[in-house]
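In order, the protein sequence lines correspond to chains A and B.
Sequential numbering from 1 applies to the first sequence in UniProt numbering.
Sequential numbering from 1 applies to the second sequence in UniProt numbering.
You may find that some hints are simply not true.
Computed, partial: chain A to chain B, Cβ under 10 angstroms [claimed, not checked]:
#1 P32
#2 S45
#3 A49
#4 L63
#5 F239
#6 V244
#7 A275
#8 L277
#9 A318
#10 G344
#11 L347
#12 A348
Simulated crosslink set (DSS-like; lysine-lysine; CA at most 30 angstroms straight-line) [unchecked claim]:
#13 B:K23 - A:K23
#14 B:K234 - A:K108
#15 B:K93 - B:K61
#16 A:K296 - A:K314
#17 B:K296 - A:K93
#18 B:K234 - B:K93
#19 B:K314 - B:K108
#20 A:K314 - B:K61
#21 B:K314 - B:K296
#22 A:K61 - A:K314
#23 B:K108 - B:K296
#24 A:K234 - B:K108
#25 A:K234 - B:K234
#26 A:K296 - A:K23
#27 A:K234 - A:K131
#28 A:K108 - A:K363
#29 B:K93 - B:K108
#30 B:K234 - B:K296
Calculated Cβ distances over 10 angstroms to all of chain A for the following chain B residues [unchecked claim]:
#31 N5
#32 N8
#33 G14
#34 G40
#35 E112
#36 A246
Because the hints were derived from the structure by calculation, they are not lab data.
All figures in this text were calculated on a predicted structure; none of them were measured in a lab.
C-beta atoms are modelled at their ideal positions from N, C-alpha and C, and glycine is treated no differently.
Number of protein chains: 2
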Amino acid sequence: MNQLNNLNFSGGPGALPESVLLKVQQSILEVPEVGLSVLGISHRSDWFAAVVAELEGNIRKLLGLPDNYHVLFLQGGATQQFSMIPMTLLRGKTTPADYLHTGYWSGKALAEAEREGPVRVIWSGESGGFKDLPGDDELAYSPDAPYLHYISNETVEGLQFHRVLGRDDVPRVCDMSSDFLSQPCTAERYSLIYAHAQKNIGPAGVTVVLVRDELLEDAPTDLPGFLDYRSHIKAHSIFNTPPVFAIYVVLLITRWLLDEIGGLTRMAEINRRKADLLYSQLDNSDGFYRGRAKTKDRSLMNVTFNLADTDTEKRFLAEAQAAGFSGLAGHRSTGGVRASLYNGLTLAAAEQLVGFMEDFRRKQTR
Amino acid sequence: MNQLNNLNFSGGPGALPESVLLKVQQSILEVPEVGLSVLGISHRSDWFAAVVAELEGNIRKLLGLPDNYHVLFLQGGATQQFSMIPMTLLRGKTTPADYLHTGYWSGKALAEAEREGPVRVIWSGESGGFKDLPGDDELAYSPDAPYLHYISNETVEGLQFHRVLGRDDVPRVCDMSSDFLSQPCTAERYSLIYAHAQKNIGPAGVTVVLVRDELLEDAPTDLPGFLDYRSHIKAHSIFNTPPVFAIYVVLLITRWLLDEIGGLTRMAEINRRKADLLYSQLDNSDGFYRGRAKTKDRSLMNVTFNLADTDTEKRFLAEAQAAGFSGLAGHRSTGGVRASLYNGLTLAAAEQLVGFMEDFRRKQTR
Chain A
1 MNQLNNLNFS
11 GGPGALPESV
21 LLKVQQSILE
31 VPEVGLSVLG
41 ISHRSDWFAA
51 VVAELEGNIR
61 KLLGLPDNYH
71 VLFLQGGATQ
81 QFSMIPMTLL
91 RGKTTPADYL
101 HTGYWSGKAL
111 AEAEREGPVR
121 VIWSGESGGF
131 KDLPGDDELA
141 YSPDAPYLHY
151 ISNETVEGLQ
161 FHRVLGRDDV
171 PRVCDMSSDF
181 LSQPCTAERY
191 SLIYAHAQKN
201 IGPAGVTVVL
211 VRDELLEDAP
221 TDLPGFLDYR
231 SHIKAHSIFN
241 TPPVFAIYVV
251 LLITRWLLDE
261 IGGLTRMAEI
271 NRRKADLLYS
281 QLDNSDGFYR
291 GRAKTKDRSL
301 MNVTFNLADT
311 DTEKRFLAEA
321 QAAGFSGLAG
331 HRSTGGVRAS
341 LYNGLTLAAA
351 EQLVGFMEDF
361 RRKQTR
Chain B
1 MNQLNNLNFS
11 GGPGALPESV
21 LLKVQQSILE
31 VPEVGLSVLG
41 ISHRSDWFAA
51 VVAELEGNIR
61 KLLGLPDNYH
71 VLFLQGGATQ
81 QFSMIPMTLL
91 RGKTTPADYL
101 HTGYWSGKAL
111 AEAEREGPVR
121 VIWSGESGGF
131 KDLPGDDELA
141 YSPDAPYLHY
151 ISNETVEGLQ
161 FHRVLGRDDV
171 PRVCDMSSDF
181 LSQPCTAERY
191 SLIYAHAQKN
201 IGPAGVTVVL
211 VRDELLEDAP
221 TDLPGFLDYR
231 SHIKAHSIFN
241 TPPVFAIYVV
251 LLITRWLLDE
261 IGGLTRMAEI
271 NRRKADLLYS
281 QLDNSDGFYR
291 GRAKTKDRSL
301 MNVTFNLADT
311 DTEKRFLAEA
321 QAAGFSGLAG
331 HRSTGGVRAS
341 LYNGLTLAAA
351 EQLVGFMEDF
361 RRKQTR
């Protein structure tokens with residue numbers, strides 16, 4: 001219906017599936033079961049309570065999440081979590097939390113944690129330009145850390161952990177903003193998972209937090225209400241007016257994952273095929289397209305690469321745009337090219353991009 | 001087009017104008033000037049920078065806001081401001097800030113301020129059941145308070161200040177969440193104005209803050225980035241991913257206010273006429289409809305009233321709903337009936353409600 005939306009490779013907010021966009025569009029004038037615009041329905045209505053309950057249930061079903069986890073829908077993005085987590089788990093502590101510094105976003109998380117309490121960086125990829133991730137032999141976890149924090153997928157650099165890090169006796173806290181619900185996940189191995197919506201599961205404006213009940217037992221009691229996970233748990237995510245629209249779109253995405261895609265195993269297969277297409281094009285380009293990340297740590301979500309020089313990159317981006325592709329410019333901190341392959345991007349779109357890349361390379365190397 | 005939306009008297013999120021809803025609907029699949037879904041456009045795009053710039057300009061134009069004010073678009077609602085304000089202006093202070101306790105929401109603001117520093121409640125309507133507001137002779141402002149905080153319109157109780165409070169030598173901080181851009185406002189008399197969008201200017205998920213530059217001069221430097229107004233000022237409201245969709249809808253509302261309504265003086269006339277219709281119905285009902293608020297302090301936004309008993313109120317609400325009206329139940333803390341008359345509600349809708357009330361009263365008193 002809209003070819004530009006289909007070819008949107010933006011790093012985020014990312015493309016959403018067309019069937020969901022059509023339902024969202026309808027809801028702007030009229031949510032079918034209510035008759036009112038989604039923008040004018042009270043967050044205290046029975047309808048919205050049912051939205052939150054169904055969405056929570058869908059996330060539990062998709063992830064097989066045990067009952068001792070709370071599912072919260074908050075505002076403020078991952079950035080607010082960068083602060084809320086150490087406010088809750090690190091304030092007043094003398095033993096440092098373990099943090100990994102694997103790219104742009106984990107650097108931001110680290111800086112906010114350091115304001116709140118002691119932090120130990122157990123690995124940093126900064127000196128290597130964030131081109132790879134540590135192996136298990138490079139990671140010495142503290143057995144007495146209040147928690148371990150890491151980011152499962154670094155959106156800017158295109159790096160992704162393909163395993164669960166940490167020790168079972170130290171709470172794992174993981175920012176899954178850019179790969180949440182893109183693949184199955186053994187959620188019960190984490191004490192807290194957070195993910196803003198605007199990559200794989202909805203628009204900007206809402207953040208999902210899964211938190212194990214026991215993690216909050218010793219949390220400070222003097223936090224502002226909106227920064228206290230327990231306020232939001234007690235109020236079923238309606239502590240104050242929540243972002244009703246964004247939460248409703250996330251519900252539609254989870255319905256799409258369950259009913260149209262058929263679950264996260266199937267979603268992961270599709271995402272894997274999109275990434276394989278792109279990485280094959282890089283690997284078989286005789287160095288024309290140069291992947292940023294080391295092969296073992298490449299992200300299935302963000303394929304980052306460079307061309308011979310910035311002039312060629314500019315020409316590539318301009319021609320891609322003229323051909324209807326958008327969102328391919330790399331993050332402003334790194335430059336280069338980034339093709340983001342979130343849930344909403346179709347396999348057909350990845351095929352089209354690979355076709356374009358093939359043509360561009362042939363023309364340039366003719 | 002959708003009669004139910006037209007008759008939505010919800011206390012918030014409130015009804016938005018139909019012409020805006022139609023533009024929003026279009027943008028879900030395609031923002032005209034971009035070609036992409038509004039949900040998938042990067043917040044770092046030129047388009048979004050232009051949205052923020054135009055919206056800021058529109059607010060400046062509507063309010064005649066001087067250049068020494070910053071215009072910010074934040075997340076977390078008024079609730080986040082309840083904390084951010086004392087974190088910024090009260091932490092480490094020994095002189096208390098002046099707070100008014102005029103209803104449900106100012107009580108929430110007060111409780112959060114008390115966590116952060118010393119607070120003096122200069123007037124409370126609690127013992128009187130929040131049925132009126134103080135006159136000038138009841139208010140003894142502290143000349144050395146770091147600031148004065150009050151709420152211009154108490155949504156739950158239907159109380160509104162029809163004047164500016166405070167002293168010119170003490171910064172005024174005002175929560176205008178439920179009457180912002182519903183009427184002209186001498187914004188330059190305040191040091192900080194905040195308003196979440198979901199009453200008069202958009203959907204839930206974004207909060208407008210107008211802050212005078214000098215107010216932040218002595219703010220603490222150790223706040224988390226997302227709770228520091230200066231981070232957001234420096235980043236032009238893109239410190240982290242903002243709620244792109246909600247901000248875009250607020251832009252469309254400001255365009256509607258400027259181009260379709262013709263400015264805030266005209267908007268205030270319409271809002272006044274709607275309120276006059278309702279209050280006349282109350283005043284001329286021989287006590288059938290009993291206004292909650294004292295006449296001098298009645299809100300132009302939220303008309304709150306009771307009927308003879310809760311059974312009659314229930315019947316009123318049920319018949320109103322059957323007739324297509326929605327959102328008329330009073331806040332869960334007070335019960336009764338509340339008709340909210342935000343910008344998006346048309347004069348014709350207020351006329352229809354008054355007609356319904358008239359009929360209901362005749363039937364009951366026949």
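Now the hints, each set against the structure:
1. P32: The hint is violated - A:P32 has no Cβ within 10 angstroms of chain B, the shortest such distance being about 12 angstroms.
2. S45: 9 angstroms, holds
3. A49: 13 angstroms, violated
4. L63: 23 angstroms, violated
5. F239: Holds. Min distance 7 angstroms.
6. V244: Given a least distance of 5 angstroms, the restraint on A:V244 holds.
7. A275: With a closest approach of 19 angstroms, the A:A275 hint is violated.
8. L277: Nearest chain B Cβ about 21 angstroms off; hint violated.
9. A318: 15 angstroms, violated
10. G344: 8 angstroms, holds
11. L347: 18 angstroms, violated
12. A348: 17 angstroms, violated
13. B:K23 - A:K23: Distance of about 16 angstroms is within 30 angstroms: holds.
14. B:K234 - A:K108: 17 angstroms, holds
15. B:K93 - B:K61: 35 angstroms, violated
16. A:K296 - A:K314: 28 angstroms, holds
17. B:K296 - A:K93: 54 angstroms, violated
18. B:K234 - B:K93: OK: B:K234 and B:K93 at ~26 angstroms, within 30 angstroms.
19. B:K314 - B:K108: OK: B:K314 and B:K108 at ~28 angstroms, within 30 angstroms.
20. A:K314 - B:K61: 39 angstroms, violated
21. B:K314 - B:K296: 28 angstroms, holds
22. A:K61 - A:K314: 44 angstroms, violated
23. B:K108 - B:K296: 24 angstroms, holds
24. A:K234 - B:K108: Holds: A:K234 and B:K108 sit about 17 angstroms apart, inside 30 angstroms.
25. A:K234 - B:K234: Answer violated: A:K234 to B:K234 is near 35 angstroms, above 30 angstroms.
26. A:K296 - A:K23: 39 angstroms, violated
27. A:K234 - A:K131: Distance of about 42 angstroms is beyond 30 angstroms: violated.
28. A:K108 - A:K363: Violated, at roughly 40 angstroms.
29. B:K93 - B:K108: Holds. B:K93 to B:K108 sits at ~21 angstroms (cutoff 30 angstroms).
30. B:K234 - B:K296: Violated, at about 42 angstroms.
31. N5: Incorrect as stated: the minimum Cβ-Cβ distance to chain A is 5 angstroms, not above 10 angstroms.
32. N8: 5 angstroms, violated
33. G14: Incorrect as stated: the minimum Cβ-Cβ distance to chain A is 6 angstroms, not above 10 angstroms.
34. G40: The assertion about B:G40 is violated, with a minimum of 5 angstroms to chain A.
35. E112: 6 angstroms, violated
36. A246: 6 angstroms, violated
Consistency with the previously given hints fails for numbers 1, 3, 4, 7, 8, 9, 11, 12, 15, 17, 20, 22, 25, 26, 27, 28, 30, 31, 32, 33, 34, 35, 36, ordered from lowest to highest.
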